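Novice: Now for the letters of each chain:
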Amino acid sequence: MNKPLPDPLLQTRGLCKRFGDFEAVRAVDLHVYPGDIYVLLGPNGAGKTTTLSMLAGLLHPSAGEITFTGQPGEMAGFIGAPPIYAHLSAYDNLALSYHMRRRPVARQRIHEILEQVGLAAARNRKTGAFSTGMRQRLGLARALLFDPKLVVLDEPTSGLDPDGIVEVREMILRLNRERQLTWLISSHLLAEAEQFATRVGILMQGQRRIEATLASLQDGHNVFLLETPAPEQARAALPAGAHLLESAGEQLQIQLDDTLPSAELNRCLVTQGVPVAGLSRVVNRLETTYFQICYGATGESHA
Amino acid sequence: MLKADIKTYFNTWVFWALNGLTLGFLVLYSLLLAGMDRIGLRPMTALDYLSSSSGIYTNALYPLLTTLFSAYVLSSEYRWRTLMVPIFEGVSRTRILSSKIGFCFLSTVILGVVYFCGAFLFGFTLFTSQNMLVENRTLSAFEVVARMSGVAIWTALIMVLFGLLAMLLVIQFKNALVATVGSFLAFLILMITAETRHNPFGPMLKIAQLLQSANLEALARGPLLPGIGIWLLTLMVLMVALAVSFHRQDIVLE
Numbered sequence: 001m002n003k004p005l006p007d008p009l010l011q012t013r014g015l016c017k018r019f020g021d022f023e024a025v026r027a028v029d030l031h032v033y034p035g036d037i038y039v040l041l042g043p044n045g046a047g048k049t050t051t052l053s054m055l056a057g058l059l060h061p062s063a064g065e066i067t068f069t070g071q072p073g074e075m076a077g078f079i080g081a082p083p084i085y086a087h088l089s090a091y092d093n094l095a096l097s098y099h100m101r102r103r104p105v106a107r108q109r110i111h112e113i114l115e116q117v118g119l120a121a122a123r124n125r126k127t128g129a130f131s132t133g134m135r136q137r138l139g140l141a142r143a144l145l146f147d148p149k150l151v152v153l154d155e156p157t158s159g160l161d162p163d164g165i166v167e168v169r170e171m172i173l174r175l176n177r178e179r180q181l182t183w184l185i186s187s188h189l190l191a192e193a194e195q196f197a198t199r200v201g202i203l204m205q206g207q208r209r210i211e212a213t214l215a216s217l218q219d220g221h222n223v224f225l226l227e228t229p230a231p232e233q234a235r236a237a238l239p240a241g242a243h244l245l246e247s248a249g250e251q252l253q254i255q256l257d258d259t260l261p262s263a264e265l266n267r268c269l270v271t272q273g274v275p276v277a278g279l280s281r282v283v284n285r286l287e288t289t290y291f292q293i294c295y296g297a298t299g300e301s302h303a
Numbered sequence: 304m305l306k307a308d309i310k311t312y313f314n315t316w317v318f319w320a321l322n323g324l325t326l327g328f329l330v331l332y333s334l335l336l337a338g339m340d341r342i343g344l345r346p347m348t349a350l351d352y353l354s355s356s357s358g359i360y361t362n363a364l365y366p367l368l369t370t371l372f373s374a375y376v377l378s379s380e381y382r383w384r385t386l387m388v389p390i391f392e393g394v395s396r397t398r399i400l401s402s403k404i405g406f407c408f409l410s411t412v413i414l415g416v417v418y419f420c421g422a423f424l425f426g427f428t429l430f431t432s433q434n435m436l437v438e439n440r441t442l443s444a445f446e447v448v449a450r451m452s453g454v455a456i457w458t459a460l461i462m463v464l465f466g467l468l469a470m471l472l473v474i475q476f477k478n479a480l481v482a483t484v485g486s487f488l489a490f491l492i493l494m495i496t497a498e499t500r501h502n503p504f505g506p507m508l509k510i511a512q513l514l515q516s517a518n519l520e521a522l523a524r525g526p527l528l529p530g531i532g533i534w535l536l537t538l539m540v541l542m543v544a545l546a547v548s549f550h551r552q553d554i555v556l557e
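Top line first, the protein sequences correspond to chains A and B. Residue numbers 1 to 303, in the working numbering, belong to the letters of the first sequence in order. Residue numbers 304 to 557, in the working numbering, belong to the letters of the second sequence in order.
Hint data in this document are derived by calculation from the structure and do not stem from the laboratory. All of these numbers come straight from a predicted model, not from anything done at the bench.
Beta-carbon label-pair distances, calculated as ranges:
| id | chain 1 | residue 1 | chain 2 | residue 2 | range |
| --- | --- | --- | --- | --- | --- |
| 1 | B | I413 | A | R18 | 43 to 49 Å |
| 2 | B | I309 | A | G159 | 27 to 33 Å |
| 3 | A | A191 | B | W316 | 41 to 47 Å |
| 4 | A | Q292 | B | H550 | 39 to 45 Å |
| 5 | A | E65 | B | C420 | 54 to 60 Å |
Computed list of lysine to aspartate or glutamate pairs in EDC-like fashion (alpha-carbon distance at most 16 Å, straight line):
| id | chain 1 | residue 1 | chain 2 | residue 2 |
| --- | --- | --- | --- | --- |
| 6 | B | K310 | A | D92 |
| 7 | A | K149 | A | E178 |
| 8 | B | K306 | A | D92 |
| 9 | B | K509 | B | E498 |
| 10 | A | K149 | A | D7 |
All C-beta atoms, glycine included, are put in the ideal place defined by N, C-alpha and C.
Chain A on its own, in the form it takes in the complex (with noise of 0.2 Å):
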């Protein structure tokens, strides 16, 4: 039985922004739950950074509404470029952070913070002179720097170099590992979304098309794929509830019912002389599935 769902950390219901006579974003529910790393996809110019902008408060919603479960403040990130000081240095730009919420600096927090993202050793450099992966980091540290329970993050891996990218998508992990982190994160990559997504949500014309888990996008709703020198043997001994979808050479696409087990499909077909060199469960590639969804079945129109 499914294990279920605890309330959302963050939930958005009939989320709307219009600019003037044009609506960027339209109805969108949304439903981050902690623990999530939750990946919002779609096109540039699907309504992403104005959805999270909205979630951010810098800007207010047409319509709709907006629950957030933890208290002010922690809710942290930023959209789009790192918002940064350029004339301060790395460490007094953590620090300004402290002095906005009326709290006295913790210089061992921010050494601590600026080790992990690894700015330690720029920590008293102007940020001015920062490259983008640089600020890129110090926009990070900004953000974990009070242990929110949601970090909310516009493309983070927009401009980084390949080391880079591994870096960020590193900590994400690991920070959901090991702190049970949530995560809002939106992007255009979907391989990259396919490395670190626990759940997806797809906008497209300001419209979510669907929210679902990683794992059940790239299910293949119980298609296996059959390896055997001996194809056409293996064809007229399928049992009923396994439906071939497709052959190509040694290979067999097969469809089960929910009533017959993979292993039911093996042992028949070993039963009856069939040699089976492999038999695996279809796993869809993300790319596949955001295409079908956005663009219909063949994902033409977006070529």
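Starting from the known structure of chain A, fit chain B onto it as the hints suggest.
Specialist: Showing chain B alone in chain A's frame:
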């Protein structure tokens, strides 16, 4: 939040450049007038010098500094995209705005105090004639200091209005230059037309002038109370307009 603003803007070159230019101007201007006094080219008393230097400050330097600095402080937060930092930190827009206003007022008042202290120092040391005659009455040094301080304080209060106007223009146009020029021009137009009947701000603007040059009874009988009333009313209107427009605004950071 105010502490954060102090830490942020006390470290900017713009802040120190504006302060340096103002004080540099005072030093050069004082030395020039003192030199002209010493060689007899343009003899002047300490009171003449104080009136002249405070006139330049209240009519040109201070308005320019206040509008420029107010516009700079708020527009920088848009330009640097740092307005999102306090918003993400859970700081209310009211606190963000009041901190910016408080910081601009504080920093320009500090500068005003330094300027006037410098002017008193130069006035009482560099000028040979300490004659303090105003309308056939000799003022004591204490009265001169008190009157000039009154001028400084009233100018600071008036300039709060133009600082707020500059911030309002920043919120509308997101451009420091437009805000500075717009607000400074508004000040100039109101100052030039202060004596006309059609300028409702006249009484408010005449107070500083009367504080330094006339007897105080004329001030009390004349524009003092209407001037304070106009100031309070204008302050409230601008504060409400600023708060409403900042609260309603969608903050789009490029």
